[in-house]
Amino acid sequence: MNKKIITSAHGGGGTATKEIIDIVREYLGNPVLDQLGDSALLNLGSTEIAFTTDSYVIDPIVFPGGDIGKIAVCGTVNDIAMEGAKPLYMSLSLILEEGLEFELLERVIASVSSAARKADVLVVTGDTKVVEHGRAGGGLFINTAAVGRRYEGCNTSVSNAAPGDLVVVTGTIGDHGVTIINEREELDLESDLQSDVAPLNTLVDELLTSVPGIKSLRDPTRGGLAAALCDIAGASKAGIEIEEDKIKVKREVKAACDLLGFDPLNIANEGKAVIVCSEDSAQKVLEICSDNEFGRESVLIGRVVSEHPETVVLRTRMGGKRIVDMPRGENLPRIC
Amino acid sequence: MTVDKLVESISNKSDRIGRTVNLMEVCGTHTMAAFRSGIRTRLPEQVRLLSGPGCPVCVTSDNYIDHAIELAMTENTIITTFGDMMRVPGSRGSLSLAKARGKDIRVIYSPQQALVAARKNPGREVIFLGVGFETTTPLVAWTIQNAYSRKMPNYSVLCAHKTIMPAMRALCDSDDVRVDGFLCPGHVSVITGAEIYKPLCREYHAPCVIAGFEPEDILLSIDMLLNQIISGEASVEIQYTRSVTAAGNKLAQKCVNDVFKPCDASWRGMGVIPSSGLSVRSSYKEYDAELKFPRIRVSEVKRDTGCRCGDVLRAVITPSECGLFKKECTPDNPIGPCMVSSEGTCAAYYRYSRIDE
Ligand code: SF4
Chain A
1 MNKKIITSAH GGGGTATKEI IDIVREYLGN PVLDQLGDSA LLNLGSTEIA FTTDSYVIDP
61 IVFPGGDIGK IAVCGTVNDI AMEGAKPLYM SLSLILEEGL EFELLERVIA SVSSAARKAD
121 VLVVTGDTKV VEHGRAGGGL FINTAAVGRR YEGCNTSVSN AAPGDLVVVT GTIGDHGVTI
181 INEREELDLE SDLQSDVAPL NTLVDELLTS VPGIKSLRDP TRGGLAAALC DIAGASKAGI
241 EIEEDKIKVK REVKAACDLL GFDPLNIANE GKAVIVCSED SAQKVLEICS DNEFGRESVL
301 IGRVVSEHPE TVVLRTRMGG KRIVDMPRGE NLPRIC
Chain B
1001 MTVDKLVESI SNKSDRIGRT VNLMEVCGTH TMAAFRSGIR TRLPEQVRLL SGPGCPVCVT
1061 SDNYIDHAIE LAMTENTIIT TFGDMMRVPG SRGSLSLAKA RGKDIRVIYS PQQALVAARK
1121 NPGREVIFLG VGFETTTPLV AWTIQNAYSR KMPNYSVLCA HKTIMPAMRA LCDSDDVRVD
1181 GFLCPGHVSV ITGAEIYKPL CREYHAPCVI AGFEPEDILL SIDMLLNQII SGEASVEIQY
1241 TRSVTAAGNK LAQKCVNDVF KPCDASWRGM GVIPSSGLSV RSSYKEYDAE LKFPRIRVSE
1301 VKRDTGCRCG DVLRAVITPS ECGLFKKECT PDNPIGPCMV SSEGTCAAYY RYSRIDE
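As they're listed, the protein sequences go chains A and B. Sequence positions in the first sequence follow our numbering and run 1 to 336. Sequence positions in the second sequence follow our numbering and run 1001 to 1357.
Derived by calculation from the structure, the hints in this document are not laboratory data. If you're wondering where the values come from, they're calculated on a predicted model, not measured in any experiment. Ideal Cβ placement from N, Cα and C applies to all residues, glycine included. Every clue listed holds true.
Some chain B residues flagged as far from chain A (calculated, every beta-carbon gap over 10 angstroms):
1. M1001
2. N1012
3. E1045
4. Y1148
5. R1150
6. M1152
7. V1177
8. H1205
9. I1229
10. S1235
11. T1245
12. C1255
13. K1261
14. P1262
15. D1304
16. D1311
Cross-link-like lysine-lysine pairs, in silico, PhoX-like; alpha carbons within 20 angstroms at most:
17. A:K18 - B:K1326
18. A:K4 - B:K1099
19. B:K1327 - A:K18
20. A:K246 - A:K284
21. B:K1099 - A:K3
22. B:K1103 - A:K3
23. A:K321 - B:K1005
Same shape as in the complex, but just chain A:
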């Protein structure tokens, strides 16, 4: 009766998820896996390849700003981009539930197509399975994998941040998570809020080809900005200090978070990047970001410090300080 079992908290991307990763590492650990990046980095002769896989079980399948197809492409492409690589090819496996309407399937595939075009990747292989009614949540799950070629001489690992570096976020936070909760739970928040789901590889391409001082890249998906920053601080063994009044949160997102008792820092994003760069390249980073359609609202939110190593501290709007902790999955209903 008291055997430990998986609960929804284990899917939250925070500390509970780590328990699963620990088991995988215990049995399958190897130097590549142990890097635990968004993608694995593989040396194939003279080329360095980034390789990633991801599954999408989002409910609802269609939401303001996107659908499961768009998110499957963008999420995977972003995982490759964050490792400092250019996404090239991807796979697409569909797990369909009996009863799914063809019209919906077609809409999702069309959306995969347009996102892939935008991200300039080719879907080159795939698979289809049909499962009994009731076994695939909302009717459609997607698994993807992708490979990309690493930019020469670029290393964007989360372990590279060092005191003095600056932290940039490419826009408002929490849009995706709140949009999904609002849709799924029929909260009826009056708003035009949309998911921010977007492929970030063109932005990353511009950054990596023209700014030498990029240290770390991370997309703040599950677990939100808090998890991404905690990852960077932890892996780099440095402290991070961010400023509340610099972080952009849309009014609707803040209102929904207040209502539900959530912290916007913990809410998922699907089209934002956290960029750690050297102080002297920050200006150039901001310029490039603000010229890109997915980085227009980029802001400098803080810096890497030598105090409080492995800890993220928020300087609050009122001049106080507090810890930004790794989210734990239980506060947030699972979003994707």
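Got chain A sorted already, so can you dock chain B with the ligand onto it with the hints?
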């Protein structure tokens, strides 16, 4: 006033008082807001914020969780609840574990969604876990009225609603609790109005300020409490004037009175407090899950976990004084509910206060 001015004013007043003052945030939302905004790091040492019993999840008894799980195991039921309840440990695990084992337990965001679930599942009984203070009670009362007028046969509430006033009174009566003033809960007071705190001022000479939830609100309320302490007064003041009136929301009060009646209730760590709970009136008895499933009885299990939530909720100790804090008890493995709820005092200390240590 700007934040800096407020901090300065509080600091000056604290100097004038010349001793430590203990101000209690009755409501968990204030505790969380104070931590999140870093207010504690800006207050003078002599102004201490203590967390009170106003987190509904934290004061829910083991027994209630056990009861809810028993109902979840009953054939053909759907349990609906606010998310925070999911991980509260009962004597045999949590709702979250029961859900992972296949029971139909659904997290909802408003009681209205429970009614929707009942409508969509006519062959099954939808039970809402009615937990919370005056803020949530009217909505739950409304679902019962609604189910009644639509003659919905498959909706009921497992009721553990509580009222804040008797708990504040119990705190004032208790010998080991020392509170110089109350930051009264803003959301609760929107419904109840400000008048209800008057007896507290009269009988216990306790200054009360009803506070909003923005950092400036809390600071200003602290400043107002210090004013009262300096002048030796004890009155009810409303800082949160944009939402709170003297009389409160009459409509909501009427709705609650129509559906619920006062009863004795068991508070985790504080024991049974007379007339501090609400139960469903007999005119709506078919919506009371306890009466609807009379065969489900859970006996009170006394667990000795070493958890000191009771003392934390009465502000007799701070979480770090509990021997289990950050050792056996963490948000990933909460021993007591104060570590579970996002409004729980122990969780707030765990998440936000390490920087000060
Ligand atoms: S730290 Fe844990 S065990 Fe101790 S009082 Fe808080 S919730 Fe209970």
